[in-house]
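Protein chains in written order, with the numbering used here: chain C, 80 to 317; chain E, 6 to 80.
Worth flagging that the hints you see were computed from the coordinates, not collected in a lab.
One thing to keep in mind: the hints can contain errors.
[To be verified] Restraint-style ranges between C-beta atoms, simulated for each label pair:
1) 212/C / 10/E: 33 to 41 Å
2) 55/E / 309/C: 13 to 21 Å
3) 66/E / 151/C: 31 to 39 Å
4) 28/E / 265/C: 20 to 28 Å
5) 197/C / 28/E: 32 to 40 Å
6) 258/C / 32/E: 32 to 40 Å
7) 43/E / 222/C: 30 to 38 Å
8) 151/C / 15/E: 19 to 27 Å
9) 39/E / 273/C: 20 to 28 Å
10) 37/E / 316/C: 25 to 33 Å
11) 211/C / 66/E: 35 to 43 Å
[Said to hold, decoys possible] The calculated lysine-lysine pairs, modelled on PhoX-like cross-linking and capped at a C-alpha distance of 20 Å, are:
12) 230/C / 308/C
13) 101/C / 91/C
14) 91/C / 46/E
15) 48/E / 312/C
16) 308/C / 91/C
17) 308/C / 60/E
By construction, the Cβ of each residue, glycine as well, lies at the ideal position given by its N, Cα and C atoms.
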Amino acid sequence: MKFVFKFLEPNKIFLITSKAPKYVMALFLIVISIGLLEALIFSPEDYKQSHSVRIMYVHVPAAWITLGIFSSMTILSISGYIFKNKNFFLISKSLAPSGLVFNVIALVTGSIWGKPTWGTWWAWDARITSMLILALFYFMYLIAWRIYENKDYVLKITTLITLIGIINIPIIKYSVDWWNTLHQPASINLMSKSSIHSSMLFPLLIMTAAFALFSLLIFLMKYNTELIKIKNKGLDRL
Amino acid sequence: MINEFIYMNGYGLYVWSAFVFTLICFTTLYVVTKIHYIKEKTKFESKFGALDPEKAEVARLQTINREILSRTKSI
């Protein structure tokens, strides 16, 4: 554990995070190019939804990543308190902008997909509403960092927001099973056999990898900015 | 062939707008993050440049400061 914390020291981690973005960017461009070719050209159309199924290749990865980011932010915020390490809060803060953007992408592309499949842009359905609530939690989290000057207070407030917001994650996940919703149930299950065909699963996984790389890229840039901001304050104190 | 690819059995408008929206979000997020990064880096460089030699020497002892300045002439 001591080794992990030593590695997480801003002085050491900046040597890696300052150089990493260009490599992550190059990898992202390669993966997204393959993903787009697969999603828009090579993957087949659905027998029921026809070509509108292609919206899944941006909608589903965005939804998965926004859920993953919020869960990580909660774990990081709690860890920050348990291990008394402020760097965990900084990592959490740097993850939030891409989490919010992926949430908005999931909501908007879902709405675009809803029109040809359900006949409506929006429904106050359990899955969609809980995703909207998650966007509000992201928004509150980011706003809290902007408005509160007191460092200790902002750490408490943002941790509280993630702790309350995390209750919403299982609700989002299981909303399609617990309630009657317009939204279809999950097609991919880690525990049982997935109902999606491999010709569609492959592009979906490639696009998910591309989106994950993009969120990593934004995280690295944001984290570097935050570290430089701290160092700026350090120069003022000299 | 190209018409079919764009039209997508009448679903083209929905599919393309979803992909274009995602692209716009990605580009905006990247540009905004990059601008913030450049702004902070420039601020750091100008603050460092304004330090007197003794304080600059102290600041230079930190690896992270050297790394931030690695692409400028001041180090």
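Structure-based check of each hint:
1. 212/C / 10/E: 33 to 41 Å: holds, 38 Å
2. 55/E / 309/C: 13 to 21 Å: Because 18 Å falls inside the window, the suggested range holds.
3. 66/E / 151/C: 31 to 39 Å: Taking Cβ atoms as reference, residue 66/E and residue 151/C lie about 34 Å apart, which means the hint holds.
4. 28/E / 265/C: 20 to 28 Å: The hint (20 to 28 Å, Cβ to Cβ) holds, given that residue 28/E and residue 265/C are roughly 26 Å apart.
5. 197/C / 28/E: 32 to 40 Å: Between residue 197/C and residue 28/E, where Cβ atoms are some 25 Å apart, the hint is violated.
6. 258/C / 32/E: 32 to 40 Å: The hint (32 to 40 Å, Cβ to Cβ) holds, given that residue 258/C and residue 32/E are roughly 36 Å apart.
7. 43/E / 222/C: 30 to 38 Å: The hint (30 to 38 Å, Cβ to Cβ) is violated, given that residue 43/E and residue 222/C are roughly 24 Å apart.
8. 151/C / 15/E: 19 to 27 Å: violated, 40 Å
9. 39/E / 273/C: 20 to 28 Å: Once the Cβ atoms are compared, 38 Å apart, the range 20 to 28 Å for residue 273/C and residue 39/E is violated.
10. 37/E / 316/C: 25 to 33 Å: holds, 29 Å
11. 211/C / 66/E: 35 to 43 Å: violated, 49 Å
12. 230/C / 308/C: Roughly 14 Å separates the two Cα atoms, so the pair holds.
13. 101/C / 91/C: Measuring from Cα to Cα gives roughly 19 Å; hence the hint holds.
14. 91/C / 46/E: holds, 18 Å
15. 48/E / 312/C: holds, 11 Å
16. 308/C / 91/C: Measuring from Cα to Cα gives roughly 16 Å; hence the hint holds.
17. 308/C / 60/E: holds, 18 Å
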